[in-house]
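Number of protein chains: 2
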Amino acid sequence: MKKVLLIISLLAYGWVFGQGNSKYVNPFIGTDRMGHTFPGATLPFGFVQLSPDTDTIPYNEGNTYNPLVYQYCAGYQYNDPTIVGFSHTHFNGTGHSDLGDFLLMPVSGEVKINPGIASQPRSGYRSRYDKNSEKAEAGYYRVYLTDYDINVELTATQRTGVHRYTFHRTDSCYLLLDMMHGIYNYDGKVVWSSLRVINDTLVVGYRQTNGWARDRFIYFAMTFSKPIQEYYLLNLDKETYTGFWRRWNMDHNFPERSGKKLKAIFNFDMRSGDQLVVKMGISGVSEQGALKNLLAEAVPFNFDEIRYQATQSWDAELDRVQIVASDEEKIVFYTALYHALLSPNIYQDIDAKYRGLDYEIHTAIGFTNYTVFSLWDTFRALHPFLLLYHPLQANDMILSMLAHANQSVHGMLPVWSHHANENWCMTGYHALSVIADAWVKGIRGFPPDEALKAMLQTATYKSYDGLDEYMQLGYVASETSSTSVSTTLEYAYDDWTLSQMALTIGKDSLAKIFKNRSLNYRNVFDYETGMMRPKKRNGHFVKPFDPLSTHNQGFIEGNAWTYSLFVPHDIEGLMQLMGGADKLEAYLDTLFTMVLPEKYYENTEDISKDGVMGNYIHGNEPGHHIPYLYNYTAHPWKTGLKVEKILKTFYRNSPSGLCGNDDCGQMSAWYIFSSLGFYPICPGSTEYALGKPAFKEINLRLENGSNIHIVTRNFHADKPYVQQVLLNGKPLSTPFIHHSDLKDGAQLEFIMGKSPKI
Amino acid sequence: MKKVLLIISLLAYGWVFGQGNSKYVNPFIGTDRMGHTFPGATLPFGFVQLSPDTDTIPYNEGNTYNPLVYQYCAGYQYNDPTIVGFSHTHFNGTGHSDLGDFLLMPVSGEVKINPGIASQPRSGYRSRYDKNSEKAEAGYYRVYLTDYDINVELTATQRTGVHRYTFHRTDSCYLLLDMMHGIYNYDGKVVWSSLRVINDTLVVGYRQTNGWARDRFIYFAMTFSKPIQEYYLLNLDKETYTGFWRRWNMDHNFPERSGKKLKAIFNFDMRSGDQLVVKMGISGVSEQGALKNLLAEAVPFNFDEIRYQATQSWDAELDRVQIVASDEEKIVFYTALYHALLSPNIYQDIDAKYRGLDYEIHTAIGFTNYTVFSLWDTFRALHPFLLLYHPLQANDMILSMLAHANQSVHGMLPVWSHHANENWCMTGYHALSVIADAWVKGIRGFPPDEALKAMLQTATYKSYDGLDEYMQLGYVASETSSTSVSTTLEYAYDDWTLSQMALTIGKDSLAKIFKNRSLNYRNVFDYETGMMRPKKRNGHFVKPFDPLSTHNQGFIEGNAWTYSLFVPHDIEGLMQLMGGADKLEAYLDTLFTMVLPEKYYENTEDISKDGVMGNYIHGNEPGHHIPYLYNYTAHPWKTGLKVEKILKTFYRNSPSGLCGNDDCGQMSAWYIFSSLGFYPICPGSTEYALGKPAFKEINLRLENGSNIHIVTRNFHADKPYVQQVLLNGKPLSTPFIHHSDLKDGAQLEFIMGKSPKI
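Residue numbers (the numbering used here), protein chains in the order written: chain A, 289 to 1046; chain B, 289 to 1046.
Isolated chain A, as found in the complex:
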C-alpha cells in the first residue's frame, strides 16, 4: 500500500525512473581554483579517469616544492589557456597528488616532444583550445584543439580510456605519448618506464614512479583504429650501457625502449575528417593485465557504444535518487552525487588480479579490491554514505583494507593509500572508524575477528606518529608533533570506534580499554581557555597560544576553535568540560559569527574565502560535524539554518562552485547527507543527526530495493524552521534517527514553520 502511494506521489511530480539524471552532472564544478576536481571521463569507482591536463608545473630546480604545483592536483584549472594532453589517472579533489599516467596528445603538423609553457603557445606540444567547444558530461568529454585543428572526444570503461580524434589537417598526423608527464611531478619521479610496439595497432608499456606513492607500477596496452605508419620511441636520457645497442637505430621504428625519460610519436595516415580511435587499457598488475582489460571492456565496442554504456552506468547510479528541485539545484545535487561515487577506485584487473602493498600480485577472491583511501577526509561522510547507498561495495572496501593490513609490513590498516602504496598522509587511523561504522550498522560481509585484530594492531603500533607517547602519556606532546592536539583528538575518537566494534562482538575487556583511551581527549582540554590546547611532555600547556592559528600550533586543517569540538563520540562529556549545553551553544554561535582575520588563512593553500562562515571553514574537514552540534543544545533548529546556508552558498553550479578540495568525495558526501536532512555525526555510532532537507521531496532507492522517502512539508523560504520530524508518520522526540530506521526504507517528513520551535 505504501509502495503504491509512493509511486503515485512520484508520478505526481512528473518523475519517471530511468530518465537519466546523468544529464544534470556538470563535471566542471570544482575545476576552478580549490575544488581540484577533474572534468574528464570516468565510471563509478572506475580505475581510469581520462581527463585533460592543462598544466604540468614541475617542482623547482633542485626538486624543491613549487607552490603552484598545488592547484594542479587534478591536472586541470578551468581558466587555463592551453591543454597539455589527456592522461588516464586522476584523483578527485585531493590536496596532495600523484598520477597523471600516460598522457596522449594528438598533433598535426610539426611535433614537439616537450610540453612547453602556457604563456608561450607553440613552445611545446600543448595546444590552445576553444573554450566554447569544451563539454563535459558524466563519462564523456570533448574539446577542440585550435593549434592542431583536431576535435578530441574522451570516454571510458572501468579500466580503459577511449579517445576519438577527428583530424582536419592531413599533412602530418601524429599521436604523442609522454611517459614523463605526471601530476605533482619532479625530476626523477619516473623511476623507470618502458614501451613496446607489438604490432601496428598495439602498443604496451609501463612506468614505475616514486611520488606520493613511493613504489608505484602502472601498465598500459593501447590499440589504434588505424595502423601506425611509422613511429619514434625516444629516450631523452643518456643511456649508459650502449655498447651493443649501437647495432640498432633505436629511435625510429625500433619496437622497444626503456628508460626514465621516454616519449613516443606515432604517425598515422589521415584524410580530412578521418577519425582515429585510441583505446588504452591500464592495469596495476602487468601489460598483459592491461591488455586483458582492454580486450574485455573496450575492444568489442566502438566509441559511441562505449560512451552510451558510460552514460547508462551513471544513470543507473544517479537515478536511484530523485529530487524535486530546480534544474540548477539538480545540477549541484547530482554533481555532488557523481563526485561522491568516483572513489575509492576499483583496483584489480578483469581477472581479479591486483598488486598488493607487499608488491606481490594477488587475486581478489570473493571481493572486489579497491584503492584510493583518503581516510582522514572520507571517514566522516563519504564512507557512511557509501555504506547507506552501496553496502556491498562498502563491504568490499573494508575487505580491501583488511587485505592491505595483511600485506603491510606494519600489519596496519590504510591511512592514506593508493595504487598499492601507503603514503601516510594526515593524522589518525580512521580506517578503524570506517570498519566499526560498517559493523555497528549491520554490514557482515567481513570477518570481525580479523578486522578487530588489524584495528588493534593499527592502534598500538608504537612507532607510528606519536602513538607510543599517546599510549604512555594519554596525549601526543607538543614536542613530538606539530599536530599534537589534532592527533590526540583523532586517536581518541578512533579508539572509541574500536571499543564499539569490540563491544558488539563480546570483547568486553578490549572494549573497556579502548573506551578509556577514547577519553584521552580530556588530556588536551585546557580549562583556562576552555579549549583544546597543545601540551608539553611535562604536562604544561604551550604558551603562547593563539586559538585562531593552525600552522605548527598543534593542529592541522583546523584551529583550536574547530578542533575543540572534535569529540564526536562523547559530546556529552565535552559539554561537561565546557560547562554545559548552553556553553556549547554560545561557543557555536560565536564560532559561526566571529571575525576570522584573513591572515589566518590567506596563505593557506586549501582554504577559500568562499567557504568561510565566521571561524567555520567548510573547505576543511575537521569542522564538518560542527553545524549538527546544535542538536545537542536547547536549539536544534539552528542546525537547519547553518546547514541550509552552507548548502546554498558553499556549493554552486560553477567551476569555482566548491569552496575547498572535494577530498575524494567527502565534500560532496557532506552535501548529499545534508540535503537529505540527516548527517552521520559520529561514524561508529548508528546515529544520524537531523538537519533540514534541501528539497521539497526526495526519494532515495537503497540497494535492497526499499526507499527512503523524504518530504518537506511547508517547504518555503518563509518557513525555515524545523518544527517536527515524523518517521513513518510518527513524531520523533529527539533530533536524531538511527541507521536501523533507514536501512529497510523509511518515510521522513520534516514539518517546517515560520518561527523557531523552542
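Derived by calculation from the structure, the hints in this document are not laboratory data.
Note that the structure is predicted; figures quoted are calculated from it, not measured.
Worth double-checking, as some hints may not be accurate.
Treat identical chains as interchangeable: a pair holds within one or across any two.
To be verified - List time: in silico DSS-like cross-link candidates among lysine-lysine, alpha-carbon distance up to 30 Å:
no., residue 1, residue 2
1, K795, K741
2, K641, K580
3, K400, K750
4, K1031, K526
5, K526, K549
6, K803, K1045
Starting from the known structure of chain A, arrange chain B on it as the hints suggest.
Below, chain B without anything else, positioned relative to chain A:
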C-alpha cells in the same frame, strides 16, 4: 658381456664410481687475470652463485667506462688484498658483466656503510683476509676476515645462498647488506630497490637494475639463525617526497625503505665463537617467490647438510666421467667439467614461475626454464657438450629459447640473454646453431615447426645488425658495421644450420634458400689476399687491409687470419676458394707458427699472452675449431699435436690457469671435448672431428646409462701420433665420427705411434 668387461676394466684402474670427483675441482682456476671465473659456492646450473667480491671498481665520474672494470666481471681477482663482501649472482667467465646482487658482509666493531678502497684498509667496510685460510670447493667456500676476526663459510642450493659466520669478537656484531653493490656498476645502475623487515629473523627486498640487462628485477628473502636485535635501513639518496614521512624515524628499526641507494645494517647478540647462519633465497619473480625457494630448499636444513647436499650434487655430475690421470690432470679436467656445468642457469622459482622477456610472470609448464645464453661463445662446444652429456637439460634450454622468442617483441631467439633480458651482445644469431644441432642429433622434445619459425624470424629480422643489407647484398658492408666480415661469416654459418633443420623436416624450399644464403661467405673472400676481407657497399674491398688487425677492421675477437677459416659448414668450399687442401694446410701451419707482434693484442682486454700460439689465440672463440681443420688436409695427425699442446699449456691448475675468459663454459667445454679425443667442428652437422685424447682411459656415462669408453693405446709421450682409431673395434677410415656413433654408448680406441702415419 661388454658391460661386464667394462666394469672389470674400470676396477682394474682402481675406480669406484661415487668416490667423489668433486674433490678434484679447484674453483680458483681462472680467478686470476683473464679467466673471469668466480671461486664461490654454486650448484650445477644453479641460479645462485654465492661468491666473494674483491673489488667494486665503478665507472669513472661522468659514467664513462673505466678499463679496470673489465677484470672484475666475476667480482673477484685472486691476488686482491681485500674482500668487499659476498654477493649472490655471478657470471662464469664473461667479458662483459652484470649481477653481483645482494652483497652481505659480516662486521664486528665499527660499521662503515661504504666499501672503501683496497689500497686503504679500513677505509670502508671491506676487510683484509688471510689468503691461507681461503678454500674453495665445488659448492663450498671459506675465508677468514682478518679485520673483523670472523670466519666466513658459504654454500648454496639452487636458489639459495647460505652463509655461516663465526664471530670471535662480541662487542658489536653486525651484518651489512649493500643494495648498491654490483658488478659493472655505475651511478644510476640501481634504478630502484626496496627492503622490508618482516620479523626479527626474516627480511625481504628487491632491486631493479639498468645494466647490461636493461630492465632487470631480482628479489630476495633472507633468514637469520638468531634474531635481529636492532637494525638500520638507510637511504643514502635524497628522498624527494618526504612530506608525511617525517612522522617516522625512518633510519632506525623502521621496517621498510625504498630508494636507489639503500644499505642495511642488522645487529646480532653474539658470544665469542657463536655462529650466525644467513640463508638468502633469490628469485626473478617476486619476494614471495624468493621466500618459497628459501623455504623449500634451505630452511629445513642446517649449513653442514646443505654443504653435504651441494657436494653430492657435484659428485653426481662429475662422477659420470672417470679418467685415468694424475691428480693434477684430474684437477684441470674436473674443474673444466665443473665450469662447463655452471650455466645456462635455472631461472624459475620452485613453483615453476619465471619472469619472461615480456616482463610478464610465466609458468614453465613441461620444461625447466633456463637463462644466461652467451650464444656467440657457447654454440661452438658448450651446447654440443650439454647435448651429449645432458640431453634433457639441453632440450629444456631450447624450450627456454623458444619461450624467449615468443616473448620477444621482435619474435627473435636469444642473442645474449640473461635474467629476462636480451643484451644483444656480439654477432650472429647462433641460437639457430644450437637448435639445429639438437634437432639433427635427435633431440625431439621441442616442436620443430615452432622452432623453425622462430629461427626464420630471427634470420630475417631486417633491422637487426646489418641483416637487411646482408639479405640484399649477400654481405654486411664495411660502412654498416665495424664487424662486417665476422657478421657476414657468422650469418652464413647460422643460415646453413637453419637449412639443415629445414631439410630434416621436409621444408625443402626453405632449406634451399638458406643453403644458398650460407654460401654468402664467398662474398667477403678476397682472391687477391686469399682471405676474408671487409667489403664496401660498392663491392670494393676496403683498403688498406691489415690481416693481423681486429679492431674496427671488420672483425671481432679474431683477425682476418682467424676469421678466414670460419666456414665450418663448407670447409670443402673454403678449400676451393683457397686453392685446395694443401693450401689450407700451409695456411694452418703458418697460422700456428707465425709471429704475431704484441701490438695486435697488448691493449686488447681479453687476450692473454699465455694463450697465443703463433697467430692462434685460444682465449677467443672464433678459432676454436681451427686445430681440427687439419682433419680436412692430408695430415690429420697434426690436429692431435696442436690439440695436445693447447690442452697442456693453455689449461693449468693455477688461478691464472685459463688463457682467456671461460665464456660461460665454452673454454672449458673445448677442453672436455678435446681431452676426450673428438670435437664438434660444425654444430648443426652430426659430425665430430677426431683429435687425440688427453688421457690413457676415459669413461663417460651418458644420461641414458650407456657409456662412451675411450682408450688410448700406447699412451706415452714418445708416441704422440694417432695411427688409427677404432670405433667399437672397427677401424675408422676418416678422422670423423658421428653423434649416432656415440649417443648409445661406444668404445673408442686411439692407437698411438712414434711417427706420423701418412
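Of the numbered hints stated previously, which ones are contradicted by the structure, given in increasing order? 4, 6
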